[in-house]
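**Student:** Assemble the whole structure, with the sequences as input and the hints as a guide.
Each step along the sequence shown adds one to the number in this note's numbering, with nothing skipped, and position 9 is -5.
Any given hint could be a false lead.
To be verified - In the BS3-like style, the derived pairs of lysine-lysine whose C-alpha atoms are separated by at most 27 angstroms in a straight line are:
id, residue 1, residue 2
1, 13, 75
2, 145, 75
3, 61, 112
4, 145, 112
5, 112, 156
6, 61, 75
7, 66, 13
8, 125, 112
These are computed hints drawn from the structure, not numbers from a lab. As the structure is a prediction and not an experimental result, all values here were calculated from the model.
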Amino acid sequence: MNRNSLGQFARNNFITRWYRVLSLRRKFYLWVIVFLACIPLMDKAHSFIQPRELVAGRVEALELEGLTGDRLDRKIAELKTEVLDLLSKCESGSREGDEADSLVTYDPDKSGKQGNIPSLGRFQFKIATVQHYVQKFEKRAITRTEAIQVAIDGTEARKLAERVIFEDSKGLGNWVICTRNYNLEDKVALIERLEE
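**Tutor:** Okay, structure coming up:
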């Protein structure tokens, strides 16, 4: 037999390599088996762990089934207030009071014709959006100055946002990101079902 530099009997290199390969394969196969065994557990865990909004929405729907009359009207008003508060919080970046009402951000005009377009107030209305919805709901045209005043007045902007969301079927499309982030479509759908 051959001896190595330390005087020990040297193993055949082929056998040593083959043993290492078998050892790595065993570990790999063991991990694959453990992973595959955990897949059904992960699926069950997913059904138990759901976003709080989804669970709250289902529970809320069950709680609301028995409401009638004044209690139902109060609950609908509370839900509408919640939707408007969430939207205001999202659009204004959690700013409060006068700071939220005076908020102005600029969105780039994708057509390149107008430059930057301002979004105003706690609901981040664009001037053209305010003019469009005042024309639609009140059947009157307003100037740009009047539209700016509506957008930066907290109570007027809130009234307009409420009408846009609950009276226009595509109203939430004006606030795509916040609608997605706060699951507002489901909340509005629940309110619409309760109002029927």
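**Student:** Now, for every hint given, state plainly whether the structure supports it.
**Tutor:** Hint check:
1. 13 x 75: With a Cα-Cα distance of about 51 angstroms, the restraint between residue 13 and residue 75 is violated, given a limit of 27 angstroms.
2. 145 x 75: It holds: about 16 angstroms lies between the C-alpha atoms, which stays within 27 angstroms.
3. 61 x 112: 31 angstroms, violated
4. 145 x 112: At roughly 15 angstroms apart (the allowed maximum being 27 angstroms), residue 112 and residue 145 satisfy the hint.
5. 112 x 156: Roughly 16 angstroms separates the two Cα atoms, so the pair holds.
6. 61 x 75: Holds: residue 61 and residue 75 sit about 21 angstroms apart, inside 27 angstroms.
7. 66 x 13: 57 angstroms, violated
8. 125 x 112: Judged against 27 angstroms, a Cα distance of about 19 angstroms means the pair holds.
Checked against the numbered hints listed earlier, the structure breaks hints 1, 3 and 7; every other hint is satisfied.
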